[in-house]
Amino acid sequence: MKHWLRSPAVWTASGIAAGALLIGLNVSRGGGVVTGTPAIAAQASQPLIDDNNLPLAPERWQGKVDYAALDGRIQRMMQDPEMVGLAVATVENGRLAFVNGYGFADREAGLPVTPDTVFRWASVSKGVAGTLAYRLAEQGKLSLSAPLATFNTSLKLAGGAENRLAIPDLLAHRLGLARNAYDGKLESGDSAPMLRNMLSTVPQQCLPGDCHSYQNVAYDAFSEIVGNATNMPYEMAVTQLLFAPLGMKSAGLGMTNLTGARNWARPYRRGGVQVLSDAYFRVPAAAGVSSNIVDLSRWMQAQMGQSPQVVSANVRAEIHRPRVATYRGGRSGPDSLIISHGYGQGWRSHIYDGHWLVGHGGAVNGYRAAMWFDPATQTGIVMLWNSGSTRPFRLPYEFFDQIYGRPYSDWLEMDKDPRMMAPQAMPPAQIANAVTTAD
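Residue numbers for the sequence shown follow my numbering, beginning at 375 and rising by one.
Honestly, the hints are just simulated from the structure, not real lab data.
We treat Cβ as the ideally placed atom computed from N, Cα and C, and that holds for glycine.
Mixed in with the good hints there might be a few duds.
Estimated spans, in silico, between C-beta atoms of each pair [as the list claims (entries may be wrong)]:
1) Glu433 with Gln683: 31 to 37 angstroms
2) Ser783 with Met629: 36 to 42 angstroms
3) Ser710 with Asn427: 37 to 43 angstroms
4) Arg793 with Asn554: 27 to 33 angstroms
5) Asp791 with Gln579: 35 to 41 angstroms
6) Ser783 with Asn602: 45 to 51 angstroms
7) Ser710 with Gln579: 23 to 29 angstroms
8) Glu512 with Asn605: 17 to 23 angstroms
9) Gly621 with Gly646: 34 to 40 angstroms
10) Gly446 with Thr633: 31 to 37 angstroms
11) Gly645 with Ala520: 46 to 52 angstroms
27 angstroms max Cα-Cα, derived BS3-like pairs, lysine-lysine [what the hints assert, rightly or not]:
12) Lys530 with Lys559
13) Lys515 with Lys530
14) Lys623 with Lys515
Let the hints inform the model, and build the full structure from the sequences given.
Spelled out as structure tokens, the structure:
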């Protein structure tokens, strides 16, 4: 059955033809580089981020967005009892426009969140795998059309589907497996390679290659692919080919990259600090990255086209282009303005009020992360926080409403929440405890 997403007519009928974002879109089932991709914004000429000249103070927050108002919204959001610490940065027209930290990296020790605080990316890490796959293919170091079985990984699928599916199927979660297969066993301490070998016994949700069904254990077969194709560990390949060339000094994989940082965010859930688990560090391609908010901003800039020598236009076009419909969405909040949810190669995308947005969210115990950007305008927002709160996932849409000149909407659902008093109505001591501005 052909997905509705694979038809360009559906996208143009959705009202985005005037923006020329997805004209000629062709969603493939697998194989290598495909023609007919979204338009790529012109290469930016602005300099990349200067660590010594970050827009940390209000007088440096310049752009189309009213950052004083945005800062006020975030301060109010931090009064949510579930929130502990948060780092936020935005990019407008390819340039860093706003950076700030709120709350605590370690509440018990009184350690504030700053631009240097290292958080986990969780599933935002999947976009690193997608980018690396197409960079390696561009360099002739692996084939995107070769069957997964030729890479000698531990992945086994029902009916030997690993002999028919290719890397694009793996990175788009088109393996036919039940959603999040064996995540529970991974969290219980079972070996990821052993679990991948057992996936042939997992009931199928659909025919392999036909639908999207989100994975972590299976997705990390890509780390084995990289190791076998390059003769270097996945972590080293990511650092050498992506993070180091982009100047992402705080970014890395594994638990030690997080806990070895001078200022790292402890995990919290329902107000209590959590024991840090290594479960998803053991599937690095799926959820292994951590960094500070500035380096996550650098990563977003690279995905916008600011570093074409590292992430080329062709790579960006292929990894961001949706390959399969995810059938997500709703009728309330910002979801009421979102259509055409799709998944590319470690990247989600959708159309918000007529604008094509690319990004990903992530969640592991005690951490959340989000990145969303508009490729056409090279404008976007990144967030990292150390709690289980889902409220910040709605903040990007208040940001984009300002970018697109939309009327104000209380997407954060704070205006009627008695816990979310305006900061000026709070006692000064309570404000100090609720919000800590980055130094």
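Now the hints, each set against the structure:
For the pair Glu433 and Gln683, the supplied restraint of 31 to 37 angstroms holds, since their beta-carbon distance comes to about 33 angstroms. Look at Ser783 against Met629: about 39 angstroms separates their beta carbons, and that is inside 36 to 42 angstroms. Here the CB-CB span from Ser710 to Asn427 is close to 39 angstroms, well matched to the stated 37 to 43 angstroms. The hint said 27 to 33 angstroms for the Cβ distance between Arg793 and Asn554, and at roughly 32 angstroms that hint holds.
Evaluation of the 35 to 41 angstroms hint for Asp791 and Gln579 yields a pass: the beta carbon distance comes to about 37 angstroms. For the hinted restraint 45 to 51 angstroms between Ser783 and Asn602, the CB-CB distance of approximately 48 angstroms keeps it satisfied. For the pair Ser710 and Gln579, the supplied restraint of 23 to 29 angstroms holds, since their beta-carbon distance comes to about 28 angstroms. Between Glu512 and Asn605 the beta carbons are some 18 angstroms apart, a value that agrees with the proposed interval 17 to 23 angstroms.
Separation of Gly621 from Gly646 is about 36 angstroms and conforms to the stated range, judged on CB atoms against 34 to 40 angstroms. Between Gly446 and Thr633 the beta carbons are some 33 angstroms apart, a value that agrees with the proposed interval 31 to 37 angstroms. Taking the beta carbon of each, Gly645 and Ala520 are about 49 angstroms apart, inside 46 to 52 angstroms as hinted. Using a Cα cut-off of 27 angstroms, the hinted pair Lys530 and Lys559 holds, with the two alpha carbons roughly 17 angstroms apart.
The straight-line distance between the Cα atoms of Lys515 and Lys530 is roughly 23 angstroms, inside the 27 angstroms bound, and the hint therefore holds. For the given pair, Lys623 sits about 25 angstroms from Lys515 by alpha-carbon distance, which is consistent with the 27 angstroms threshold.
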